[in-house]
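A.B. asks: Sequence lines, in order, name chains A and B.
Counting from 554, one number per residue, gives the positions in the first sequence under the numbering used here.
Counting from 24, one number per residue, gives the positions in the second sequence under the numbering used here.
Calculated from the structure, these hints are not laboratory results.
Accuracy of the hints is not assured; some may be wrong.
What the hints assert, rightly or not - Below are the BS3-like pairs computed for lysine-lysine, each with C-alpha atoms no more than 27 Å apart in a straight line:
1) K351(B) / K615(A)
2) K205(B) / K241(B)
3) K672(A) / K351(B)
4) K781(A) / K770(A)
5) K770(A) / K615(A)
6) K117(B) / K351(B)
Here the structure is a predicted model, which is why all the values come from computation and not from measurement.
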Amino acid sequence: MNPLIVGEDIWKVYRVGDVEVQALRGVSVTIEQGEFVAIMGSSGSGKSTLMNILGCLDQPTKGHYRLNGVEVGQLRPDQLAEIRNQQIGFVFQSFNLIPRTSALENAQLPLFYRGLSLKEQRTLASAALQRVGLKGREHHSPTQLSGGQQQRVAIARALVTAPSLLLADEPTGNLDTESSQDIMGILEGLNRDGMTVILVTHEVDIAAYASREIVVKDGQILSDRATKGRSQVVGA
Amino acid sequence: MLAFVWLTVITALRVLGRNRLRAGLTMLGIIIGVGAVIAMVSIGEGAKQAVQKQIATMGTNVIMIWPSYMTIGGVRGAQGGAVTLTVTDALELKKRIPILSETGWLIRSTMQIVNGNRNWNGPVHGVSPSYVSIRDWSFSSGGSFTQTDMESAARVALLGQTVVENIFEPGEEPVGAIIRIKNVPFRVIGVLSPKGQSVQGSDQDDVVFIPFTTAERKVFGTLFLGSVGGVFVSTERTEDLADAAEQIRQVMRTRHRLQGEQPDDFTIRTQVEIGKVQEGTSETLTVMLMIIASVSLLVGGIGIMNILLVSVTERTREIGIRMAVGAKRFHILIQFLIEALTLSVVGGCIGILFGVLAARLTTVIAGWPTIISSDTVAVAFVFSVVVGLFFGLYPANKAARLNPIDALRYE
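Produce the complete structure using the sequences and hints provided.
C.D. replies: Structural data, given as structure tokens:
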């Protein structure tokens, strides 16, 4: 089977005023389907830029990025939107739910843009909410939910389209320890069911849930190694 | 696609519903604009129809010929001050111009009209029987005089409503009564149905008709027999009016022996021309109303654009989220366009209601006639849609062109 993600010598250069900022300097990475990868690094290391490119929110300045065999670098904004809709689910640090909109409608959103009928949208979104343990809270708005519950809505929204890649950017950054463990448990479960999960974090114990750890520093990959996974960590 | 639009409309309504005051104030411009258009056009149409009714009281397809001023030795006389129009002229016109269906003539004077101990000073017209039919006069009682009455110079009279009210007691039957005009006794044989004001604003019912021959021989004491104060002709078809008027001019110039450069010693007016003058006035009015309406719609549109720009900024993060989960530019564009349209269309509908209400109130309170046509309402509605589209496009496009990463990071 082809690898899900192939990045070859990815550069990302921004221009801030007169200053050229090299956020990524020749990153090459291959991620197979079904992997659980943690991308680590301090702030400013370029890990968020890498994640934006991997998530097709941004495009490399130089180099190649192929997702499922498709060269992403040359696509137009609307084609990128379609790839995000079909293949990628996002989970953000600040949840990024649409305010004053029910959990169900938030989870429906990707299907809405896919053009499914309202009935299909509701059925799939309800199932996704059930999967993250929010059955019965479909009609709560984000302000009526706890942080952990909001993040679970966001996960439901990410997995409702059955994407091949789930990108989680500091998913536990705004959560207490207990909720963090809940959320990581859900991500772990999704990975066990075959979904590729890429986790961006700077917390070691969160990264420990993954089975592969990529450390980014100054826009380059510092280390890339397999880890033992969570069961051993918990036991230790 | 249909589901998408429908859900977007619902979302738009929900967003606007959350900010009711803001939405209401934004719509105010459109409401006032559309309301003003509906009210003004309704009043304008009402006035126009009232004028058209007045023009219709002249008769149907009427051409009027009046004696004009004459220049004698370099001195201009007053219009109608000279005897230039005669019964013979009228009869010749009929004979020479086949498209004329009827010819009538009249001579006018103001006289004392007496019934018993009541009297009235009013216009007395000596007219040919055809004049009564050309002007489409009908009778509330009795009937018109005949050609025989005309030939025998009979002392019979037709009274207008105003004259009847002034010289008869309420409930007294005028037909058959004997009245005196300048001390000559006349038998009343008909009472004319009221016509109301003329285009010039005079009371058309303040009139007494007597046969032309009776007038010139027994009452007025005309200097030149056969001279008339005006000739009225009519054509079968309205399209023939202009052609007939030109033919009349030619025949009259020949009959009056007017050479090349000499000006006409008569004036011809067709009903269509008088209507056009009135229409011109109301068109000027309509154009001014349209300008005022466009300005208020423009202001309303700018209000919508302004509030939408605020909304786009406020919801930048939401736009980013939508883009992240797969919204294309088109989806974002449509979402904000529909919000703009909702504002303008809801505003437009409220404006239509207010406009109709204002027009009704004008009729009830001021008594002005108003006409609310479905055309006006439709045009006002279309205008509000266009305003929404036009002024929504810029903010919507701004939203659609946001970069998803920047939008997601926006605080």
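A.B. asks: Could you run down the list of hints and mark each one as holding or not?
C.D. replies: We went through each hint and held it up to the structure:
| no. | hint | in the structure |
| --- | --- | --- |
| 1 | K351(B) / K615(A) | holds (25 Å) |
| 2 | K205(B) / K241(B) | holds (10 Å) |
| 3 | K672(A) / K351(B) | holds (22 Å) |
| 4 | K781(A) / K770(A) | holds (22 Å) |
| 5 | K770(A) / K615(A) | holds (19 Å) |
| 6 | K117(B) / K351(B) | violated (79 Å) |
Of the hints listed earlier, the one the structure fails to meet is number 6.
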